[in-house]
Structures are given as C-alpha cells and as structure tokens.
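Protein chains in written order, with the numbering used here: chain B, 1 to 154; chain H, 1 to 154.
Think of the hints as simulated: they come from the structure by calculation, not from any bench. Positions of the beta carbon are idealized from the N, C-alpha and C atoms, including for glycine. Check the hints yourself; a few may be wrong.
Unchecked claim - Sample of chain H residues lacking proximity to chain B, with all beta carbon distances greater than 10 Å (derived):
| hint | residue |
| --- | --- |
| 1 | 130 |
| 2 | 149 |
| 3 | 151 |
Said to hold, decoys possible - Chain B regions said to be covered by chain H (calculated; three or more residues, Cβ under 8 Å):
| hint | stretch |
| --- | --- |
| 4 | 48-58 |
| 5 | 75-84 |
| 6 | 93-107 |
| 7 | 139-152 |
Protein chains: 2
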Amino acid sequence: MKIPTDPAVSSCELPTHAASTLAGSRVLRFQRDYRWEGIPVSEYKQSAESWYGVARMALVGETGERTRFHVRYFEIAPGGFSSRESHRHEHAVIVLRGRGVVELGGERHELGFGDTVYVAPHEVHQFVNPTSEPFGFLCIVDAERDRPVLAPPS
Amino acid sequence: MKIPTDPAVSSCELPTHAASTLAGSRVLRFQRDYRWEGIPVSEYKQSAESWYGVARMALVGETGERTRFHVRYFEIAPGGFSSRESHRHEHAVIVLRGRGVVELGGERHELGFGDTVYVAPHEVHQFVNPTSEPFGFLCIVDAERDRPVLAPPS
C-alpha cells in the first residue's frame, strides 16, 4: 500500500490506513516475514527528509478500540533510520526482529530481541539499522500525544 | 521474589514490587530465559484459587513513568492458566514465547509467536498453557483500569 506522506512528517507518525474499523475481540495472526493478517503495511520504499526505510503497522488502538494507548510495529530496512526527534509523550519499545541501534539522550545502545527501551519525555532519540537484516520493534504510545519535534542530525 | 498474594486476586493484577522507582530513559536488557535485567519476577510457584503457574514482570509504566498504559510480560508455566475473567478495560496481548491457547468470548484460539490478541470490554477470557514449554506474552493495559471480575469455569 502506497500512502502519500508529508515529507516533513515524523516516521513515528507515519499514517496507516486500516481497511475497515474493526469491532470486538479478535486474534491478529502473525505471518512469516513479520506481518499480520489484515493489517495494512505502509510502503517500505518511501522516505522523507528525516527518515528512510521505515514501515509501520498499527496493531491495536487505531481501529475503533477505546484503549488509552496505541500498539504499533515498526520495521526499519537495512541502512534505514527513524526520525531523530523528541516529544513530550513517552515511548515503550520492545525489539522483536533483528538487531539495531538506538540513540537515546546522546548515548548509543545496541539492541536485540526482547531488549526494551523507555524513552522519557523530551529525550532526543533515533532508531537506526546498520545491519543487513530488517530491524523490527513494537512501539507503544499514549493514544493522545503531542507531535514530535525533529532534532538536528547528531 | 516471593510476594504474598490475596488468593482471590486475578493473575492479571498479580502485584510486583519494583526494586526502586526508576527515572529517565533506559534500556532494559533482555536476558536468556525471558527475563529482563533489574525487573523483579513474581514467584512462579505460587497460585491462587483462580489461576496457576503465572509469573508477571512489569516492564514499563509502573516505576515512575507517566504513560497512560502499563506494559507487562506474563509467563504461564506448563499446565498453568490465568484467571478466567472479564473487565471493562481492554487487553492488547502479543505472544513472545512458546505456544498456548486463549479462550475469548467462548471460542478457543491456539497462539504462537507474534499472534496478537485484542480483548474487548467485558469479554470473558482466559490464557492456558497446555504445552510442556513456557508460554509468554506481553500484555498492555490502560494505567487506570477497573478490577477484573472472575468468571465461572468454562
């Protein structure tokens, strides 16, 4: 699915279009290559000024649920990176696929499966994939949140 | 860590005691056997009237963060099961380890890695591990939530 993207938009706020509004309990089936049945994927190949090679899938919270949070799966292609940015709202990130790096408050941390990152309010952060395999992680945020502010390159 | 448990308490609300209140951004390192550095684990061997063999780890949201959500990792031992219950608040569950079964609104679904479950308000649900290996999953809930109501055995 190709989604038109404002070149200034953060990779964290990349829009996804659900096929329909879902209702009621459900099981979203995991498929090979880290996709979920019925969940649209934003186009991998698009990019913007601040990020490159980021795909986004909205798993829970954006299709009619009443949760105070959204659960998204992000995947960064080899050589890709998310926007370097900050915001008041917090991130909870859990790595599911591959390996990557997070810059967090000026420090770099290598990440692998299960490693969990808490990004505090207004902390400048960026996720980078220097490997040759996809780097994927869950990112959970408040449903009501402020817009990210892009930070200058490190 | 042995934590005294009210025998009537839901396995979803099993108390965990953090070693200290954390502050600021951080990386919680995943350790082998699905544990996280510095995160206390409620005792596996305890049980209550409504559940058996459930361990709980609080990853994000219960140690001074301001998120509107809590991210917890639950692990159900072979032969174990969570409380059969319902509540107004919703669950978002993502399987990380092993295989298990969820009963959801009267239907049973087998679950494996990456499968994602949305439990709608007031839906009766129970997680069961009929396998010989641990069954582990992330469970994300609103920080402010109602207390579960136990449901009769199915």
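Quick rundown of the hints versus the structure:
1. Its beta-carbon lying about 17 Å from the closest one in chain B, residue 130 of chain H satisfies the requirement of being farther than 10 Å from that chain.
2. Distance check on residue 149 of chain H: its Cβ is at least 16 Å (rounded) from any Cβ of chain B, clearing the 10 Å threshold; non-interface status holds.
3. Every C-beta of chain B lies more than 10 Å from that of residue 151 of chain H, the closest at about 14 Å, which supports listing it as non-interface.
4. With a threshold of 8 Å between beta carbons, the proposed coverage of the stretch 48-58 of chain B by chain H is violated, since 0 of its residues qualify and at least three are required.
5. Counting residues of the stretch 75-84 of chain B whose beta carbon lies closer than 8 Å to any beta carbon of chain H gives 0, which falls below the threshold of three, so the coverage claim is violated.
6. Beta-carbon proximity to chain H at under 8 Å applies to 6 residues in the stretch 93-107 of chain B; the threshold of 3 is reached and the given coverage holds.
7. Remark: the stretch 139-152 of chain B is confirmed as covered by chain H, as 4 of its residues place a Cβ nearer than 8 Å to a Cβ of that chain, reaching the required three.
In summary, the structure is inconsistent with hints 4, 5 from the numbered list given earlier, while agreeing with the others.
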